[in-house]
Each structure stands twice: as C-alpha cells, then as structure tokens.
Amino acid sequence: MPPRRSALTARSRRRFLQTSAAIAAGLASHGCGWTLAEVRPASAKGDKDKLSIYTWESYIDPALIDTFHTHTAVDVTYDIYDSNETMLATLRSGKGTNYSVIYPTDYAIADMIERKEVITLDKSRINGLENLMPQFQDSPFDPNNAHSVPVSWGTTGLIYNANEIKTEITDWSDLWALKSQLTRRMTLLADVREVMGATLKSLGYSYNSTNPAEIQQAYTKLTELKPAIATFTTDAWQNQLIAGDYLLCMAYSMDAVTAIQENPDLNLRYVIPKSGTSLWSDAMVIPVTAPNPDVAYEWINYMLQPAIAVDITKRLFFATPNQAAYDQLPNPVRNNQNLFPPEATLKPCERIITLPPQVSEIYDRYWTRLTSK
Amino acid sequence: MTADSSRPSPKPTTKAPPKWLEPLVLLLPAGVWLLLLLVIPTLLIFELSLVPAIRPGQVVNPSGLENYFRLLQPDYLPVLGRSLFFSLSTTILTLLLGFPVAYWIALKIPKQWQNLVLLSFVLPLWTSSLLRSYAWITILRPTGVMNTALNLLKLPSLDILNREPAVLIGMTYSLLPYMVLILYAALEKLDRRLLEAAADLGATPSQAFWQITVPQSFTGIAAGALLVFITGMGDFVNPELLGGASSMTVARLIYNQFLGVTQNWGFGSALSMLLTLVVSIAIALLLKYGDRNAASGV
Numbered sequence: 001m002p003p004r005r006s007a008l009t010a011r012s013r014r015r016f017l018q019t020s021a022a023i024a025a026g027l028a029s030h031g032c033g034w035t036l037a038e039v040r041p042a043s044a045k046g047d048k049d050k051l052s053i054y055t056w057e058s059y060i061d062p063a064l065i066d067t068f069h070t071h072t073a074v075d076v077t078y079d080i081y082d083s084n085e086t087m088l089a090t091l092r093s094g095k096g097t098n099y100s101v102i103y104p105t106d107y108a109i110a111d112m113i114e115r116k117e118v119i120t121l122d123k124s125r126i127n128g129l130e131n132l133m134p135q136f137q138d139s140p141f142d143p144n145n146a147h148s149v150p151v152s153w154g155t156t157g158l159i160y161n162a163n164e165i166k167t168e169i170t171d172w173s174d175l176w177a178l179k180s181q182l183t184r185r186m187t188l189l190a191d192v193r194e195v196m197g198a199t200l201k202s203l204g205y206s207y208n209s210t211n212p213a214e215i216q217q218a219y220t221k222l223t224e225l226k227p228a229i230a231t232f233t234t235d236a237w238q239n240q241l242i243a244g245d246y247l248l249c250m251a252y253s254m255d256a257v258t259a260i261q262e263n264p265d266l267n268l269r270y271v272i273p274k275s276g277t278s279l280w281s282d283a284m285v286i287p288v289t290a291p292n293p294d295v296a297y298e299w300i301n302y303m304l305q306p307a308i309a310v311d312i313t314k315r316l317f318f319a320t321p322n323q324a325a326y327d328q329l330p331n332p333v334r335n336n337q338n339l340f341p342p343e344a345t346l347k348p349c350e351r352i353i354t355l356p357p358q359v360s361e362i363y364d365r366y367w368t369r370l371t372s373k
Numbered sequence: 001m002t003a004d005s006s007r008p009s010p011k012p013t014t015k016a017p018p019k020w021l022e023p024l025v026l027l028l029p030a031g032v033w034l035l036l037l038l039v040i041p042t043l044l045i046f047e048l049s050l051v052p053a054i055r056p057g058q059v060v061n062p063s064g065l066e067n068y069f070r071l072l073q074p075d076y077l078p079v080l081g082r083s084l085f086f087s088l089s090t091t092i093l094t095l096l097l098g099f100p101v102a103y104w105i106a107l108k109i110p111k112q113w114q115n116l117v118l119l120s121f122v123l124p125l126w127t128s129s130l131l132r133s134y135a136w137i138t139i140l141r142p143t144g145v146m147n148t149a150l151n152l153l154k155l156p157s158l159d160i161l162n163r164e165p166a167v168l169i170g171m172t173y174s175l176l177p178y179m180v181l182i183l184y185a186a187l188e189k190l191d192r193r194l195l196e197a198a199a200d201l202g203a204t205p206s207q208a209f210w211q212i213t214v215p216q217s218f219t220g221i222a223a224g225a226l227l228v229f230i231t232g233m234g235d236f237v238n239p240e241l242l243g244g245a246s247s248m249t250v251a252r253l254i255y256n257q258f259l260g261v262t263q264n265w266g267f268g269s270a271l272s273m274l275l276t277l278v279v280s281i282a283i284a285l286l287l288k289y290g291d292r293n294a295a296s297g298v
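Just so you know, the sequences run in chain order A and B. All letters in the first sequence, in the order written, are residues 1 to 373 by the working numbering. All letters in the second sequence, in the order written, are residues 1 to 298 by the working numbering.
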C-alpha cells in the first residue's frame, strides 16, 4: 500500500479549510428575484461496464478494484477528494456527472438529501444491509438509511504524549485542569462544531446544543483555555506531536490510530472522553446524475460483503460498521479499543446534526470572536 | 459602408472600417471577457450582499444594507484590523528588504548577470504557496530548524510559530519577489548621470540617495507597495497555517460564511465587497501615483 498521507495531502474528515474550493452559483429565474442555487447538470450516459467513484483517499485501492473486476467485469475508475466541501463544490459546479458512487460524511449526506442530489435507494437491490451493526441501521440525518449505506465510522477524541503528560487523561475537563502545563502546546480541530461541541459536553450539555445560553457558557469556558491552544488544525498536528512541540491534540480516531501505529515507541495515547464525543460515519450514496446506477448497486453490494469489509479495515485504520466483518477481524484489530470502543464508551456520544440557520449564526459569531481575540 | 463605395475617392478607403470602429474591435474580446467574468459577477455579489442571511436555494430579494451594518459590529472590526495589520506590515517589510536587493541588482551587478539574478529571485514563486507555508512551519516550530540552530549557538529558543511574527515572515517571503521585480524595473531606468552630477557637486552618497534615487524611483515604490498590500489583503494560506489560534482574517471569514456552518452567502458577499472596496482604493492610488509601466512588467 502506498503511504496514506503526507502533510500536504492529508485528508480531513469534515469541514476542512480547502483554500480553492470553487463554488459556482447557477441562476434559476424564480418569480421576481432569482434563486441562489447550484448548477443542475444533466446526467451523462454511461457504459454498462464502467463505474466511476468519487471518494476519500485510500478508501479504495487497486486490489479492491481488481477483485471487483474479476467478479463483475466492470472497469472502475475513481477520483479523490480531501474534504466534503471540495466534493460538494465539484458536484455543484456541474463537473461530477460521471460519478455513480460517492462517499460523503454525515452532515454532507444530510445536505445532499435536502437538495435531492442523491437517489432513494431501492433496498430490494441491496444485499447484506442486515450485516450492519444496529446503531448503523439508522441515523438522525437519513432515517433507515434510505439514501446511504455506511462504510466506515469513527470518533473525535484526544491524542496525547503519555511520556510528557503524567496524569491520565479521561475527559474533556482534563484540558482545563492541565491548561498551565499545556500552554501553547495543544491543538483543537479547526471545526467550530467539534470544538464547541466538546466544550458543551464538558459542561454536561448536548454536542448539538441549540440553547443560546449553553452555547455562550461554552464560549466563555473556551476563552479560559485559549492560552493553551497553539492553533486550530484538523490534520497538521501529526508531525509536531511526534516531534514533541505539541503534547496533546484533538483528533479524529483514524488519524490518531494511524499516528499511534506509525510511532510505537512514543507512548502516544488516544482517548475517547468519557462524558461523550461526536461519532461520525462515511457512507456510500448514488447521486441523481449517476450515469450507471445499476453498477453502483453492484459496487455497494460488493462493499457490504463481510470479507471485503474485513480486508479494508485491516488495510486502513477505520472501523467497519459491518457486524459480520467485525466478527471475522483478527484479534489485535478487533480488540483495538480506539477503533472499536466498548458500548459504554459510545453511549454518551452523539452524531453531529445540521442546526437551524439562526443557531449556526450563534456558533459562527462565537467562533469568529474566539479566533480573533 | 456601401454608401461610401459609391463616392469617388483617390484612396481605397472603401474597404477600411471607420476610424472609431478600430478601438472597439480591438477592445471587444477583452471587453466581453471583463464584462462576463468581472463586471457581472461583481454586480451579482453586490446584489447578494443586499440580502440578509441568504443561503443557497433561497430566492434573492435585495432588501437593504443590513449585512453592511453588521460589518461594523465589534465582532468583525478586529478581523478587518488584523488583515490590515498583516498587509501593511508586510508592505513595509518587503519594501525595507526589497529595496536594497533591487538597488543592488539594478545598479551594482553587471548587465549580463542581472537577468540571472532576477530569475533566481523569482524562482520561489514557481512552487506552491501552500508548500512554502509548510516549509516555514518546519523551520519555525519550537523544535524546528531555526531553534536547533539557535541552540547550537547557545542562544535561547524563539517561540514564534502560531503567532503574528510567523505570519509576517511567511507573507513577506511570499511577496518579496513581486516587490523586488517592480523596484528593479523602476531603478533600472534611474538616470545615473544625475548621481554623478550630485557627486561632482559635493553631495554625500546619502544625500544623493534621498534626493535623487528615492524621488526618481517613487513611482516604482508606490506600485510595489500597493501591489504587495493588495495581494496581502487577500492572503489566506499564511495566516491560516502560521498564525495560530488567533489568526482570523477577512479572507478566512469570507470562506467561513460561504462554506462553513452558517452558509450565509449574503454576509459573505458583503465581506467580499468590503475587501473589493479596500483593494479598489489601493488600485486607484496605484493608478494615480504608481509607475504603470513598472507594475505592468510583472
């Protein structure tokens, strides 16, 4: 397998700050004004034996494609995106009409469903959905997985250097307890919802709080932590954590697990805070513009096969939502609690859901204030 | 046109288009380009900026200046202030660093070597700006190249990554070649006979510099400074990667409005118009005081 990522190609799970996402605003006449909308491309006609996939780096590799080809004689091509925003911008500027399968993250799926950019799946054509773990049979943004089939999931947590930090870290509140030791030596994710959500959790509120008083309280608490925060970054923490510049970083589980696997001598630890964190998943969807939905269904069925799911989980460090595959995993992977946390750890965790615009405005204002003090 | 052909004429003017048409024909392609890709989009952004809290999918009904009043709120003024601070400081730093270099290349280096030296100065522009910022992280971080060197010299470490100095270093590094190129173009045209005359008449080198070199290259200085200022106002990468936890700039704020949690394209458009306005003022100054030939050389 090629190196999964470098500092420059590192993917981020969600709202990564990609500088050059090009958004094209299509204009549709609508009464007296015009509608601020995206280009609605016509779907391209596809060959029956070709499948084009748009996904995250290394959710796919030549081996996976070759095996699929031997089963179905379908040629697979794929393109990579590094943030949901890039993917959405590509689709909405009319360039992505060749893709039949896409892998968005939770909130992006919600967004695509709301704008009717993905088809409602015909469940009679999908085999193996019953293999998914119960908690992935349903989600708050796509009830009963009507439009999406989960392929991977993970958590948001804290990775720290246990050689430097002697106190065992178990919860978000430890950040505040240790803030003098951490001064300018910790990072948080560059994501307003994750950072505010974690603080809200530390106060005993919901990750998705819509209560302005609670959000304000979280902001005030965060300002106390500000001297400790070196920067907000989603993926540029790895090198500096390993070099010892940073002692603790807020991170997505698959990035943290990778860092731990690659540096066994460093005593890095990943913690899922006990008061709860966010749970995320990436799922396969079929866009309405898919030139070849028939083959897309074949791909989804292929990915749902336990043997295939086992294979991917071993190669890439993310957790499979496939129970049958989980049962077949070799022990070291299956018992990796960073990847597959016990039920009790997951209980207080929440999925991040899209909030109403007025509430998002409140979050955004506090974020602006926090990052420009 | 056909009427012309009936008129007797010694010259074959019948086939030539009228004089007034010439500039029109010449300007038409660029004009259409500008209209479609600059004027109309800018007007659309302006229209959007008049709609409070509009998100994609909603109807555009301009209703007032609410988004612009919001710019004046205490949450956003520090952001504009920070962008101005980064941009102005970078302008001053590039001028201080760039002038001696441009002077040296234009006046001290033999003609045949000048292009080579200039080329080597412009080379960094050929790499990605993202790559250059990441390189600065490697250099400036607490256990990075700079501090390793300082420690070898028994000097104390400097903690400047994720603070303002790091942003200024990154921006200055990125924009210095522009400044040098423009100043070089201005200084190269310097009338050296005036310097000789000044020396003959007893002026000290410093007097000659301030009274002859600087005034003669003033248009180049103005052009370089404004170009750096304009580019600096829109810089996204350096503040984002090098600035740390308190590095919100106008460019980043605009990004957040369009692609962040709020998707408030109305407010984002108002911020974009503000940035456009600041840059337009700078360009107006450039046209008035700058050396257009020097500026167009870049």
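These aren't lab readings, by the way, just hints derived from the structure by calculation. Positions of the beta carbon are idealized from the N, C-alpha and C atoms, including for glycine. A few of these clues could be false.
[Said to hold, decoys possible] Taking lysine to aspartate or glutamate and the DMTMM-like style, the derived pairs with C-alpha atoms no more than 20 Å apart in a straight line are:
id : chain 1 : residue 1 : chain 2 : residue 2
1  : A       : 373       : B       : 66
2  : A       : 221       : B       : 75
3  : A       : 274       : A       : 171
4  : A       : 226       : A       : 214
5  : A       : 226       : B       : 188
6  : A       : 226       : B       : 196
7  : A       : 347       : A       : 361
[Unchecked claim] Listed next, the stretches of chain A that the computed footprint assigns to chain B, with coverage defined by at least 3 CB atoms under 8 Å from CB atoms of chain B:
id : segment
8  : 148-158
9  : 242-255
10 : 349-363
For each hint, the structure was consulted:
{"no.": "1", "hint": "A:373 with B:66", "in the structure": "violated (24 Å)"}
{"no.": "2", "hint": "A:221 with B:75", "in the structure": "holds (18 Å)"}
{"no.": "3", "hint": "A:274 with A:171", "in the structure": "holds (5 Å)"}
{"no.": "4", "hint": "A:226 with A:214", "in the structure": "holds (18 Å)"}
{"no.": "5", "hint": "A:226 with B:188", "in the structure": "violated (50 Å)"}
{"no.": "6", "hint": "A:226 with B:196", "in the structure": "violated (59 Å)"}
{"no.": "7", "hint": "A:347 with A:361", "in the structure": "violated (29 Å)"}
{"no.": "8", "hint": "148-158", "in the structure": "violated (count 0)"}
{"no.": "9", "hint": "242-255", "in the structure": "holds (count 3)"}
{"no.": "10", "hint": "349-363", "in the structure": "holds (count 5)"}
In summary, the numbered hints that this structure violates are 1, 5, 6, 7, 8.
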